[in-house]
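S.K.: Heads up: the protein sequence lines correspond to chains R and S, in order. Sequential numbering of the first sequence, starting at 1, is according to this note's numbering. Sequential numbering of the second sequence, starting at 1, is according to this note's numbering.
Don't take every hint at face value.
[Said to hold, decoys possible] Calculated pairs, BS3-like style, for lysine-lysine (alpha carbon to alpha carbon, straight line, at most 25 Å):
no.	chain 1	residue 1	chain 2	residue 2
1	S	K71	R	K32
2	R	K23	S	K71
3	S	K71	S	K36
4	R	K2	S	K119
It should be emphasised that the hints constitute simulated quantities derived from the structure, not laboratory data.
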Amino acid sequence: MKETFSARMLRVHFGEDDRWHGKPLHEAIVAKCQELGIEEAIVFRGIEGYGSGSRIRHPNRWMLSKDAPIQLSIVDTEEQIGRLLPYLDIMVEEGLVATSTVEVIRYSRPLERALP
Amino acid sequence: MVLAAALIGGTVGCGGTPSTQMMRIYLSEEDRWKDKPLHEALVAALRANDIAGVTVYRGILGYGAHRRLHKDKPLHSPHHGSIMLSVIDTEEKLRAFLPLVEQMVEEGLVVFSGVDIIKYAYRALEVDRLDVDGQQAQPALGNCSEQTEALP
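The shape of chain R in the complex, shown without the other chains (with noise of 0.2 Å):
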């Protein structure tokens, strides 16, 4: 099935190290966007990168230290993206959150055929 339709995308841009409630940002934003309903989430680990702050977030090459640079990136209608950015304004203490216009394609299959 393929739908078209008009949409916003938000990327809010933090480090790895960033907690709400002991758990990791990234984790609780994906988790708050799902509770909203949210279409589209995907966090991404940058390999360096520096923003707010100005502190170079540079994890070494075997990974093990934290305080990458995070980029998530979601994609929703106006005003779904409008319900998440209150939670943003308190959860996000240091970061960068991005929006732009985009148009989408959906393409989904049957849900019966998704199940197993």
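Could you slot chain S onto chain R? The hints should help.
M.R.: Quick look at chain S alone, frame taken from chain R:
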């Protein structure tokens, strides 16, 4: 070189030329196309269609259709992660490629957004293109003088 040809030669955004778009394709690492990982098959197809460039990202956490949570596993274990392909080319070429995406991606999200190409430089592969000063020759941005002047 074949890939590079796509954006060089006047198709880079100087005034009035086709707009450049970024196409992001979200899928799962488990997705397959003819027994090959879907993201690999897509990259091969993009390459075969002379699309200017693609990068595949593996997410460390994510979910999409059907709200299945994909979490990156520790090293050396099979990954079942979220994958994102980021593809850049002219809107025309990306739209022309869409029927293939439609065929190959059974479940996923394709997101289009407009981007401005500021620089598209590449090293020549077949021919050593060193100029007299021994510096790497830069391919022209499609003789786009407005673009060059706009740069600081």
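S.K.: Of the hints stated earlier, which fail here?
M.R.: 4
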